[in-house]
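Peer 1: Sequence:
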Amino acid sequence: MVVAILVAAVICVAPPSVPIAHAARSDDIAAAEAHVVAGRHAEAARLYEQAAKRLFGWDVDIALLAAREYLAAGAPDDAERMIGRVARRARGEDAAQVAKLRAEIAMARQARESATTAPLPPAEPLPGPPAPMEPAAPAPGPAMLPSGAPRAVALLLPLTGRYRTAGTAVRDGFIAACLADAADVRPRVAIYDTATNGVVASYQQAVADGAQFVVGPLMKDELAVLVAGGQFPVPTLALNTLAGGVPPAFLFQFSLDPAEEARAVARRIAADGHLRGIALFPENDWGRRVHDAFDEELGNTGVVLTAAQFYEPGARDFAAPLRAALGRFGGAGDRPVDKSKPLPKRDPLIEAREGPQFAFVAANAATARAIKPQLRFQMTYPMTVYATSDAWEASSRAASDLEGLVYPEMPWVLYAGQGATELWDLLHGAWSEVGRGRLRMYAFGYDAFRLTGELRSAARSFGLDGLTGELDVASDGRVVRRMEWASVQGGRPLAAGPSAPMPAPIPAPGEP
8 MVVAILVAAV ICVAPPSVPI AHAARSDDIA AAEAHVVAGR HAEAARLYEQ AAKRLFGWDV
68 DIALLAAREY LAAGAPDDAE RMIGRVARRA RGEDAAQVAK LRAEIAMARQ ARESATTAPL
128 PPAEPLPGPP APMEPAAPAP GPAMLPSGAP RAVALLLPLT GRYRTAGTAV RDGFIAACLA
188 DAADVRPRVA IYDTATNGVV ASYQQAVADG AQFVVGPLMK DELAVLVAGG QFPVPTLALN
248 TLAGGVPPAF LFQFSLDPAE EARAVARRIA ADGHLRGIAL FPENDWGRRV HDAFDEELGN
308 TGVVLTAAQF YEPGARDFAA PLRAALGRFG GAGDRPVDKS KPLPKRDPLI EAREGPQFAF
368 VAANAATARA IKPQLRFQMT YPMTVYATSD AWEASSRAAS DLEGLVYPEM PWVLYAGQGA
428 TELWDLLHGA WSEVGRGRLR MYAFGYDAFR LTGELRSAAR SFGLDGLTGE LDVASDGRVV
488 RRMEWASVQG GRPLAAGPSA PMPAPIPAPG EP
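For the sequence shown, the numbering used here gives the first residue as 8, with consecutive numbering after it.
For the record, the hints were derived by calculation from the structure and aren't laboratory data.
Simulated DEER-style distance windows between Cβ atoms:
#1 Val487 <-> Pro320: 28 to 36 Å
#2 Glu290 <-> Asp479: 33 to 41 Å
#3 Asn291 <-> Ala37: 31 to 39 Å
#4 Asp188 <-> Gly236: 30 to 38 Å
For every residue, glycine included, the Cβ atom is placed at its ideal position computed from N, Cα and C.
All chains should be built: construct the whole structure from the sequences, respecting the hints.
Peer 2: Here it is, written out as structure tokens:
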């Protein structure tokens with residue numbers, strides 16, 4: 008059921024805005040936006056409602072803005088009244104927004120009812136730091152954590168601004184997981200917009216509001232600010248990771264880190280029996296991080312990276328970096344400039360025996376679809392191409408250009424919704440427009456919620472079969488994620504198993 012998937016006791020502090028597609032910017036709208044920024048949601052809602060009125064009906068987008076602000080002001084009945092004005096005419100993304108708003112109205116009503124019938128008990132006190140002469144506890148302090156799942160959880164995400172779409176997807180996945188629990192065991196969830204309020208103020212407010220567990224922030228720079236600020240007074244699951252150093256007590260770190268995926272790919276390449284190969288990376292911070300992780304891990308396996316090339320992000324022609332990486336094994340698709348002087352014949356069997364046995368391509372989906380066929384064009388023989396999950400668009404119906412690609416994938420994506428079928432169906436139905444391209448972020452949010460209970464009640468040792476992979480917590484509080492392996496076959500990713508042995512080497516002439 009579309010609405011039921013998001014019916015829960017959630018208190019939204021600074022909810023995200025609904026995009027305006029075509030309405031003119033009136034004085035009322037400008038004034039309403041100023042009220043939104045100032046947190047005066049009731050005033051903003053009234054102005055948006057006034058601006059939404061038309062001679063022959065209501066403006067759908069502005070009416071939905073009014074509904075959103077009424078909901079933020081604690082007036083779900085008025086929010087529902089506004090939705091009723093335009094629901095029949097809502098199409099596409101507007102229809103998805105209507106479904107989400109109706110779900111959030113139900114959340115707000117349930118939160119109001121539970122507040123009067125089941126008051127939240129005081130937060131369980133956390134033990135203080137060890138005495139000076141006592142041995143220090145492990146970095147995240149798992150042995151000191153109170154038992155039992157938290158009753159009040161704060162979720163810190165960017166719900167406005169540049170990272171709004173990612174933050175919203177994580178939020179909705181988190182709430183979907185919350186709703187998968189029975190109503191009598193669900194925690195109360197308060198959501199704080201770090202883009203509007205700032206990460207430090209959001210965290211402090213969450214603790215002051217009685218949060219027993221904090222999830223977030225999402226952005227690496229926000230996490231760095233919190234860590235630089237010192238201790239964490241309640242268990243905190245950051246949705247990113249910081250390299251190096253000893254993390255503060257009660258800090259856990261969980262992320263979809265492409266560098267860790269690159270390390271997993273390096274180990275997979277070695278397990279598949281390859282001895283040498285090439286790699287391509289974008290010339291940016293992301294590409295350098297992935298390069299450093301892949302190169303280091305591959306070196307640990309003994310596999311040789313014969314060449315690594317960086318390409319310009321956004322490029323469509325990759326002949327130059329491919330030729331540079333392949334050396335004498337490239338150029339198979341070249342045509343002679345002078346047809347009277349044909350190019351020398353090349354022996355694919357010899358080149359397959361002596362040349363690179365694999366290629367690792369660090370790229371987004373669009374770039375990977377361009378690089379892989381161009382790589383094949385350069386060579387006389389086929390070889391296995393590996394990538395991180397960024398190379399496959401999880402919402403893609405098919406991608407024949409990526410045939411044979413091997414990469415790590417979330418079980419939820421690989422097995423078409425296994426583990427959270429309601430959310431999967433919703434994102435491929437009523438929410439298909441808003442969910443497109445962000446399926447993995449919904450799964451990330453879903454697993455983040457499930458970790459809140461595990462880290463409180465079983466942090467000493469646990470394993471969680473998550474949507475994003477098999478999850479365990481290391482001694483330093485980092486959540487270790489093991490993904491499935493996929494191979495693109497027939498234009499679609501299929502389970503590839505733990506490893507695929509490399510074909511027997513081609514013997515040289517005269518060898519048995």
